[in-house]
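From first to last, the protein sequence lines are chains S and D.
For the first sequence, this note's numbering begins at 1 and goes up steadily by one.
For the second sequence, this note's numbering begins at 1 and goes up steadily by one.
Derived by calculation from the structure, the hints in this document are not laboratory data.
Note that the structure is predicted; figures quoted are calculated from it, not measured.
Hints should not be assumed to be uniformly reliable.
No distinction is drawn between identical chains; accordingly, a pair holds when it is met within one copy or between any pair of copies.
Below, computed lysine to any residue pairings styled on SDA-like, alpha-carbon distance capped at 20 angstroms [as the list claims (entries may be wrong)]:
1) K352 to T303
2) K173 to K352
3) K352 to D229
4) K338 to Q158
5) K352 to V280
6) K338 to F183
7) K338 to R68
8) K338 to A3
9) K352 to P223
Protein chains: 2
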Amino acid sequence: MIALAPGGTIGILGGGQLGRMLSIAAAQLGFDVAIFTDEPDSPASRVSARTMVANYLDHAALADFARRVDVVTTEFENVPAETAQALIDAGARVAPNPHALAVAQDRFDEKSYFASAGIAAPPFRAVASQGELDAALAEIGAPAILKTRRLGYDGRGQIRIDSADDARGAYAKLGAPGILEGFCAFECEVSIIAARGADGAVAFYDLNENEHKGGILSRTTLPARVSADVEAQAQDAARRVLEAFDYVGVLTIEFFVMADGSLIANEMAPRVHNSGHWTVEGALTSQFEQHIRAIAGWPLGPTTRAASIEMVNLIGADAGAWPALAADPDARVHLYGKRNTRAGRKMGHVTKLKY
Amino acid sequence: MIALAPGGTIGILGGGQLGRMLSIAAAQLGFDVAIFTDEPDSPASRVSARTMVANYLDHAALADFARRVDVVTTEFENVPAETAQALIDAGARVAPNPHALAVAQDRFDEKSYFASAGIAAPPFRAVASQGELDAALAEIGAPAILKTRRLGYDGRGQIRIDSADDARGAYAKLGAPGILEGFCAFECEVSIIAARGADGAVAFYDLNENEHKGGILSRTTLPARVSADVEAQAQDAARRVLEAFDYVGVLTIEFFVMADGSLIANEMAPRVHNSGHWTVEGALTSQFEQHIRAIAGWPLGPTTRAASIEMVNLIGADAGAWPALAADPDARVHLYGKRNTRAGRKMGHVTKLKY
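Could you put together the complete structure from these sequences and hints?
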């Protein structure tokens with residue numbers, strides 16, 4: 001592809017904080033950004049040249065959006081497949097390609113893909129009834145996690161099952177087609193942020209070590225306390241996914257690190273990721289700029305990390321501590337401009353760098 | 001003052017690249033930004049929540065703007081004094097205060113202020129006629145520079161006078177009240193970016209060494225090749241200006257460094273400055289965030305520099321080299337989203353860091 005010249009317009013599906021940070025990165029490279037979102041006054045809209053507020057299934061609006069932008073990307077993986085297809089039908093270039101998006105949207109398809117690509121994943125079974133859940137539990141054994149196949153994020157739509165007792169009525173409680181995954185007794189959790197350019201070049205950021213609380217990312221630190229071999233396994237898996245999908249843009253894979261040093265893939269996100277927010281200050285090219293470079297057909301930038309990193313999420317009421325954070329000389333403060341604070345809602349993050 | 005909480009609105013007068021970078025910094029701290037500009041589709045508007053396009057002397061528009069923002073600042077020093085006053089009359093808090101703005105707008109007032117504050121400046125005389133120019137030249141001697149008192153920037157409105165011959169007809173050519181300044185045979189040029197918080201705290205960035213071409217900043221490097229004493233002189237001058245004006249925000253002073261190690265103040269800019277663009281990647285707190293912190297009543301952030309710096313401006317057609325710059329792993333590329341390329345127009349800049 002021919003690289004998109006500065007002055008071109010990047011379209012982003014979604015108006016959240018990832019869109020906000022992508023939009024800022026695009027602006028720094030001289031691009032205009034148009035946001036497509038169903039949310040009026042979204043965090044991303046407020047830093048973008050244009051916004052179209054419409055339903056993600058409004059084909060007329062999507063066709064109009066497609067005409068006004070040079071390339072379309074997404075900031076959340078739950079964009080309906082129909083949305084991406086409508087944009088393509090209207091002549092838009094969509095990156096990453098909708099096939100990767102579709103696979104990442106469905107936990108069963110995702111795990112199936114991992115298995116087919118030789119990427120170790122937890123044991124899993126699709127469950128579409130209580131009977132299938134019981135059978136899956138008998139096969140996989142407890143403890144296990146019952147998850148919705150679709151539309152889960154930040155620990156939502158998940159039920160932990162420690163015994164056959166826990167399984168009773170669990171499918172009805174889930175209320176949607178699910179997947180039962182064997183529980184991994186991991187040593188720690190890591191994620192890799194990887195990117196592939198339109199020219200096929202691949203780049204990796206250093207591995208993130210992640211801590212979750214209540215299913216939500218709480219803290220990311222670098223360097224991760226893992227061996228070079230673990231890092232190589234993560235890079236190998238990411239490269240396989242990027243190449244299999246002819247992927248263009250930033251992709252994230254989350255892994256469990258097991259006691260024997262093996263990696264188990266937990267999930268992939270076809271987008272920039274919370275665990276990569278430290279790259280704004282901590283790497284020569286941020287994950288946001290890297291994604292924009294990739295989808296604009298620019299060469300990837302260097303991912304060199306400049307410091308030791310601690311990134312802490314501000315969840316819900318945490319953001320109320322902004323006066324103390326503003327006064328902490330070690331804290332680089334990021335707030336997302338969300339109008340309402342809710343428990344479990346990502347309101348901002350703080351990055352601390354040690355050179 | 002009580003610190004402005006995230007979600008508050010920062011008003012910025014002016015829609016250029018400085019407003020664009022201020023707006024991005026404000027967004028990262030969770031603020032909304034409203035731009036007031038007479039230019040439709042300005043670079044700053046395209047990254048800001050709201051824009052009011054109106055003449056800077058439209059009092060009704062200014063009063064409306066004042067009601068919609070929590071604090072107003074400026075991204076260029078040639079905002080009419082009447083504009084700032086109208087905003088204040090309508091109840092707006094304006095930072096930095098309009099007195100500093102007024103002094104910096106007039107080269108004679110500025111040089112007179114330097115003299116009164118004990119800050120060394122070139123010899124200067126106000127000239128309001130050819131007769132006054134001839135008399136001033138006789139006193140100061142050639143070479144000298146004839147400059148307009150007001151509305152000059154990037155070398156515009158300047159005539160070099162090497163002899164009485166050059167002076168002939170020069171006042172008519174200038175076409176406006178002027179100031180004749182003795183020419184300084186400097187060793188090099190430096191600038192200091194300083195900030196003062198609402199709490200009176202003062203912070204300095206490391207000194208910038210600047211090269212100009214045709215009166216326009218071409219290149220800034222750090223560390224500046226000057227002694228600690230030179231740096232101390234610059235800090236002392238900046239501190240005096242900040243305190244004299246009860247200044248809140250970022251202020252820049254440009255100096256000539258003379259062979260004997262003395263500093264001669266060339267001009268001050270009551271704002272963030274091109275020579276401080278490196279702080280986006282190269283300092284813990286960028287000059288843009290620092291300015292927003294100050295005017296929002298937040299504590300100043302640390303100014304620690306993390307690397308050796310080379311910042312090169314992309315002037316006019318220079319920005320056409322973006323494909324090569326995008327491919328240079330050492331170049332952090334910034335483009336301002338200006339629609340039209342003109343000779344002498346600042347289109348972007350590139351920062352190179354060496355850790």
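Verification of the hints:
1. K352 to T303: Both ways: K352 and T303 sit 18 angstroms apart in one copy and 15 angstroms across, limit 20 angstroms.
2. K173 to K352: neither (40 angstroms within a copy, 55 angstroms between copies)
3. K352 to D229: neither (27 angstroms within a copy, 32 angstroms between copies)
4. K338 to Q158: neither (26 angstroms within a copy, 48 angstroms between copies)
5. K352 to V280: The answer is both: 11 angstroms in one copy and 16 angstroms across copies each meet 20 angstroms.
6. K338 to F183: neither (34 angstroms within a copy, 53 angstroms between copies)
7. K338 to R68: between (27 angstroms within a copy, 18 angstroms between copies)
8. K338 to A3: The answer is between: 19 angstroms across copies meets 20 angstroms, while 34 angstroms in one copy does not.
9. K352 to P223: within (13 angstroms within a copy, 24 angstroms between copies)
Checked against the numbered hints above, the structure violates hints 2, 3, 4, 6; every other hint is satisfied.
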